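Residue strings, one per chain:
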Amino acid sequence: MTAQRDVELFLRAHFEATADRTVADGQVDAILATTVGRRQQPAWLASLRSLPMSNTARTLGRPMSAPAWVLLLILALLIAVAAVGLTVGGFRLAPAPIVNGPIVFGRFDASVDDTVIHIARPDGSDTHIFLPGANECPQFSPDGRQIAVAMKVVNVDGTDPRLLDNTVGDVTLGCSTWSPDGQRLAAEGWNENDPTDNGIYLVNASDGRDAIRLTTNGKGNNDIPGDFSPDGRQLGYLHHVSDSVATLWVVDVATGNGRQVVSTQVDSTPTWSPDGQWLLVDAGDHFLVMHPDGTDPRTLNVPASVGWLGDPQYSPDGTRILFHMALDGSDKNDIYTMRVDGTDLVQITDTPEVTEYFTDWGIDPR
Amino acid sequence: MDRELVILAREGDHDAFARLVASSIGRLNAIARLILRDYGLAEDAVQDAFVDAWRSLPGLRDPDRFDAWMTTLLVRTCQDARRRARRRAVELPLLANDDPEIADHHAAFAVTDQLERGLRDLTVDQRTVIVLSFYLDLPIAEAASVLGIPAGTMKSRLHRALTALRATVDADDRPIARTAERTT
Numbered sequence: 000m001t002a003q004r005d006v007e008l009f010l011r012a013h014f015e016a017t018a019d020r021t022v023a024d025g026q027v028d029a030i031l032a033t034t035v036g037r038r039q040q041p042a043w044l045a046s047l048r049s050l051p052m053s054n055t056a057r058t059l060g061r062p063m064s065a066p067a068w069v070l071l072l073i074l075a076l077l078i079a080v081a082a083v084g085l086t087v088g089g090f091r092l093a094p095a096p097i098v099n100g101p102i103v104f105g106r107f108d109a110s111v112d113d114t115v116i117h118i119a120r121p122d123g124s125d126t127h128i129f130l131p132g133a134n135e136c137p138q139f140s141p142d143g144r145q146i147a148v149a150m151k152v153v154n155v156d157g158t159d160p161r162l163l164d165n166t167v168g169d170v171t172l173g174c175s176t177w178s179p180d181g182q183r184l185a186a187e188g189w190n191e192n193d194p195t196d197n198g199i200y201l202v203n204a205s206d207g208r209d210a211i212r213l214t215t216n217g218k219g220n221n222d223i224p225g226d227f228s229p230d231g232r233q234l235g236y237l238h239h240v241s242d243s244v245a246t247l248w249v250v251d252v253a254t255g256n257g258r259q260v261v262s263t264q265v266d267s268t269p270t271w272s273p274d275g276q277w278l279l280v281d282a283g284d285h286f287l288v289m290h291p292d293g294t295d296p297r298t299l300n301v302p303a304s305v306g307w308l309g310d311p312q313y314s315p316d317g318t319r320i321l322f323h324m325a326l327d328g329s330d331k332n333d334i335y336t337m338r339v340d341g342t343d344l345v346q347i348t349d350t351p352e353v354t355e356y357f358t359d360w361g362i363d364p365r
Numbered sequence: 000m001d002r003e004l005v006i007l008a009r010e011g012d013h014d015a016f017a018r019l020v021a022s023s024i025g026r027l028n029a030i031a032r033l034i035l036r037d038y039g040l041a042e043d044a045v046q047d048a049f050v051d052a053w054r055s056l057p058g059l060r061d062p063d064r065f066d067a068w069m070t071t072l073l074v075r076t077c078q079d080a081r082r083r084a085r086r087r088a089v090e091l092p093l094l095a096n097d098d099p100e101i102a103d104h105h106a107a108f109a110v111t112d113q114l115e116r117g118l119r120d121l122t123v124d125q126r127t128v129i130v131l132s133f134y135l136d137l138p139i140a141e142a143a144s145v146l147g148i149p150a151g152t153m154k155s156r157l158h159r160a161l162t163a164l165r166a167t168v169d170a171d172d173r174p175i176a177r178t179a180e181r182t183t
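Protein sequences, first through last, are from chains A and B. Once you know that position 316 of the first sequence is 315 in numbering that gives the first Met the number 0, the rest is easy, because the numbers rise by one and skip nothing. Once you know that position 165 of the second sequence is 164 in numbering that gives the first Met the number 0, the rest is easy, because the numbers rise by one and skip nothing.
Excised from the complex, chain B in its bound form:
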């Protein structure tokens, strides 16, 4: 992120803003897609975040905070996108670009598949706290600030999200037991 570009964009230079968009849109696309799991909704959310950013840039006091500020705007537009599209949301699996660096590739694929299904079963709110914590690596208090909630609430949300994810993954590990359960 170029500090000078942020300053120029803050002063109304749309060309500078265009260069900021080009440099940060990939990162924001990734975040929105992980949270919303819908490519169309994610692109809408990213666009809304940039529109908000252009409108609000004069109020950004610290140019070095541009990336974090954009993340906050994006998470909020993702929440709005979820509310607007609650009835039409269709969740699409994300495609893996690379193999994770795990020695056992068979096990890695199995885990990836399990996680993919587990993440898909979570709510948008639950995925948001997980993405903030494990993709963006934000500390609890920073993530809470992004969501506008107390740190304690963030902790309990994260705990519940991880518990729900683990329950889904564990259920996948017990196909026979599940089948037997369904037949009784």
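Just chain A, same shape as in the assembly:
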């Protein structure tokens, strides 16, 4: 019984034969006795989840009125005019401001029985399929003009998909992230026959070649790249010590020397703040924020009753965080954003029938 298919066939038959559905004496009574005295969750949570399905953004706070928007726009215009005047008066041009561009995320699609990548404006409007078919882990290039989906690079408008070399010997390369100069990708690598090869590999973003091994998992599990530091000298990554336990590590790109940032178990790959000062990662029902050397660790809670959340990404301007979250009581993630201080939670997608994950936020390429 060595063929994988045989193992799978026998497993199905074995489970069918051995699954024990019997109910123990008193088991139902114990459950009912435990629940009868407990209240269900408050109605505010249910009402939060029962709003009509929409792909447009919904601010959880009080919405601004139209006159307020007009005043805000006039104020912004005045500030912009003043800023331009000051800059020209000083005989120098201000650096181009970082403008938040579109977001991407994966959504489970039953028709392909897998994840399909979608793209949208950061308020959730104009959500549409970015790339038909099954794909995962989309990552914007630093200039916002391309998106890597594992070892495939596609223009941000969905055109010109280019398959990169996704093997290094017997190692298969998977989810990847861009270096800040846009020249290299750091990719998760694994060898199904020799797990000692598992680790992160650096390859050319143009063709997937010139591979350099950056990390060695050392335990036969996975190292999954998260985000480069803005100066490109370090890479934050998720280091799995078992199938279910992972910790946050940072590796020096030039030397390959890695170090654990915090001992806390974390659940997602890290994201690096655009100013280089913070690493952000999720730890189940809350986020952890700390300096890249592990100092000043802080818990960042989401202002909602959270089931599970994950995959946080800083916005390009560093003011907001994009993430997915399943509110307590749901088994499906939606996409949200909030300010970096945990306020102003905004629901970006509201799709109770499908789950969403694999988030990233690009700059506006214009």
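Since the hints were derived computationally from the structure, they do not count as laboratory data. Computed from a prediction, not measured in an experiment: that's the story for all the values here. All C-beta atoms, glycine included, are put in the ideal place defined by N, C-alpha and C. Do not take every clue at face value.
[What the hints assert, rightly or not] Which stretches of chain A does chain B cover? Using the computed rule of at least three CB atoms under 8 Å from a CB of chain B, they are:
{"hint": "1", "region": "6-20"}
{"hint": "2", "region": "23-35"}
{"hint": "3", "region": "223-233"}
{"hint": "4", "region": "286-296"}
With the hints as your guide, set chain B onto chain A.
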């Protein structure tokens, strides 16, 4: 699963919830026992899942998703049960209720026995991905969603779990070689 019962339970009708418990507890017991392989831990996990469900039911938007939602809650409580009881877990063999429908009964018993031992040697995480894939027949992305992990990670976990299981079964097929190995 009765949609009307779910709606009533969601609105706070505990009798309706009791009927949902009665109708789904057998299926959930089977899943928890296959994952945890400890009847006591499995019953605790199922109870915790139902307590979570009663608390969280007002947030369940689609009543038709009740079964899938309960499965997700149960898998999470199984993970919690494993963490709480890591030091005291005693794994018990599951009893077969029926013979699998395989023509060669001698071979079937041998395979069942091998699989039983192989499954027992896996970690709870490995058994979880196998149960989600081959007992519940969930697609990779759905199973990944239940566990809150990327689909790629789910694929590699499943691959490793099956490889570990196959290695155990193959080792069982080579008793002489194993004995010789031990004596050298």
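*Verdict on chain B covering the region 23-35 of chain A, criterion of 3 CB contacts below 8 Å*: Result for this restraint: holds, n = 9.
*Taking 8 Å as the C-beta cutoff, is the stated coverage of the region 6-20 of chain A by chain B satisfied by three or more residues?*
Since 14 is at least three, the answer is holds.
_Coverage assertion for the region 223-233 of chain A with respect to chain B, Cβ distance below 8 Å, three residues required_ = violated (count 1)
_Taking beta carbons only, do three or more residues of the region 286-296 of chain A come closer than 8 Å to chain B?_
Violated, because only 0 residues of the region 286-296 of chain A bring their Cβ atoms closer than 8 Å to Cβ atoms of chain B.
Against the hints set out earlier in the document, violations occur for numbers 3, 4.
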